[in-house]
Structure formats: C-alpha cells, structure tokens
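Student: Numbering (my numbering), first residue to last: 52 to 291.
Treat the hints with care, as some may be off.
The calculated lysine-lysine pairs, modelled on DSSO-like cross-linking and capped at a C-alpha distance of 30 Å, are [stated by the list, open to error]: (1) LYS169 with LYS188; (2) LYS110 with LYS79; (3) LYS169 with LYS180; (4) LYS171 with LYS188; (5) LYS95 with LYS188; (6) LYS180 with LYS79; (7) LYS95 with LYS163; (8) LYS110 with LYS188; (9) LYS110 with LYS180; (10) LYS180 with LYS163; (11) LYS188 with LYS163; (12) LYS169 with LYS95; (13) LYS95 with LYS69; (14) LYS180 with LYS95; (15) LYS79 with LYS171; (16) LYS95 with LYS79; (17) LYS95 with LYS110; (18) LYS69 with LYS188.
Worth flagging that the hints you see were computed from the coordinates, not collected in a lab.
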Amino acid sequence: MAARYEVELVIASARNLKNVNWRHGDLKPYVVAWVDPAAKSSTKVAVGGDDDDPIWDDKLVFPVPYGLPLEDATLSLDVVHAGSGEEGVKPLVASVRLPLRDVLDEVGLGSKLDRTLKLKRPSGRPQGKLQVTVAVKEPARYYDSYAPPYGQASSRDYGYAPPPLRHGADGPPVAYGQEEKSKSKFGMGTGLAVGAAAGLLGGLALAEGVDYVEDKIADDAAERVEDDLAEDGGYDGDDF
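Can you build the whole structure from these sequences, using the hints too?
Tutor: What follows is the structure, given as structure tokens:
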C-alpha cells in the first residue's frame, strides 16, 4: 500500500566531527536516514569540506510507514564512517533523532524547516552538529520512485560506501556592521533599527555560547563512558 506521507530531507553539512574511529583510517562520512527501518536511504560519501566539517548537500525522499500517526513518527539519522578496510564494517560516528511532530508544530505539513541538529556518540558524548532541511508532505500524484532503501544492493548492515557526491558551497560570511553615532545622517530611526539588529546578533552570539557550555559539560560527563567503549566502535544494521 502506498505511503500517505513522505519525508523530504536535504542533508547539507556537518561541523566539528571527530574521527573517534581513527583505526579505520581518515574519516569518510556519509549519512543514513529513515523513518521506517525497512526503507533506509543514504547520502554519498562527503567530498566537500574536510574530515571535521564535511559537505553533502544531498536530497533524500522516503516514506512514512502507512498507518503510523505523524505525531508518533521519528526521523533517525546516523553518520557512518565508510573508511574501514574490513568488509561489512562501517563504524557509527554519531546519531540524532528528530520527532516529526516538531517539524509539523513549527512549519506545518508541506513546508520546509531548517534545523541544526546536535549529534551524539553512542556513549551520549557530543559529536558535532548536522545541518538539515526537513519537510513532511503528501506524495505527489506522479513522481519518480523513492531513493533506493538503504541496504537494497547489499546486506542490511552498512556494507558499502556510496560513491562521492557533488561539492557543496557555503554561503558568504555575515558582515557585522557598527552602529552610527548620534549625528548620523540617517537619523534616529535608522539608529534604532541598527541597534535592534545589533541586539539580535548579540543574542545569537550568546545562544552559541550557551550551546558551547552545554556541549562542554556533556562532553566532560561522558568522557569516562567513552573511554570504556573505546574498544567497541563497530556498527552493523542489527542494531536496528
């Protein structure tokens, strides 16, 4: 039976990843995403950016299982290392989960939500951030088939490394202006507008600082757990 809803997902990039599985070589990450574990889709291996800040700019479309209420559905994303020399072993780098109800609450059905997701290692330790755009929508009447479910060409575990992807491009950095003094030729109205914008930018900077402190606390708290799990970095599809 055809799915009543589908998820359109653009995986743009990640930042501040760490190659905790250095035994398997340089970090070559790709992302596996799904709502239905039986219909997983994956990006190609990142070729843009670098090991710590990979770029995919890849679009995936996959179904929400028929009969599953949207408020109970969850988007799952795994960042997986494709550089292992051992056949069938692709260690898990980090994961994140996003309830679809969060998307619907913010933008509704059919609209796109830009979101920066905090990644976690299996131990719960912070592992960078993932930039995505998500939309929950009704399938078009006529459309190409979904992206091949993950594992269709091989076993259910992450036993293959997808081919390289096109290079993504970051936007230009934001230019931060300086507020004019009281004798600006633009007048009081412009000064107030610039002041409001500066206050907004200051708030964003403060929010980034709070995120950093939270991540640092979680990072320290999970340090011992990560050390205990250091010898167990493997990842296979049986985890799902």
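Student: Next step is simple, just say for each hint if it's right about the structure.
Tutor: Right, here's what the structure says about each hint:
no. : hint               : verdict
1   : LYS169 with LYS188 : holds, 24 Å
2   : LYS110 with LYS79  : holds, 19 Å
3   : LYS169 with LYS180 : holds, 5 Å
4   : LYS171 with LYS188 : holds, 28 Å
5   : LYS95 with LYS188  : holds, 24 Å
6   : LYS180 with LYS79  : holds, 16 Å
7   : LYS95 with LYS163  : holds, 22 Å
8   : LYS110 with LYS188 : holds, 15 Å
9   : LYS110 with LYS180 : holds, 18 Å
10  : LYS180 with LYS163 : holds, 19 Å
11  : LYS188 with LYS163 : holds, 9 Å
12  : LYS169 with LYS95  : holds, 21 Å
13  : LYS95 with LYS69   : holds, 19 Å
14  : LYS180 with LYS95  : holds, 18 Å
15  : LYS79 with LYS171  : holds, 17 Å
16  : LYS95 with LYS79   : holds, 10 Å
17  : LYS95 with LYS110  : holds, 10 Å
18  : LYS69 with LYS188  : violated, 34 Å
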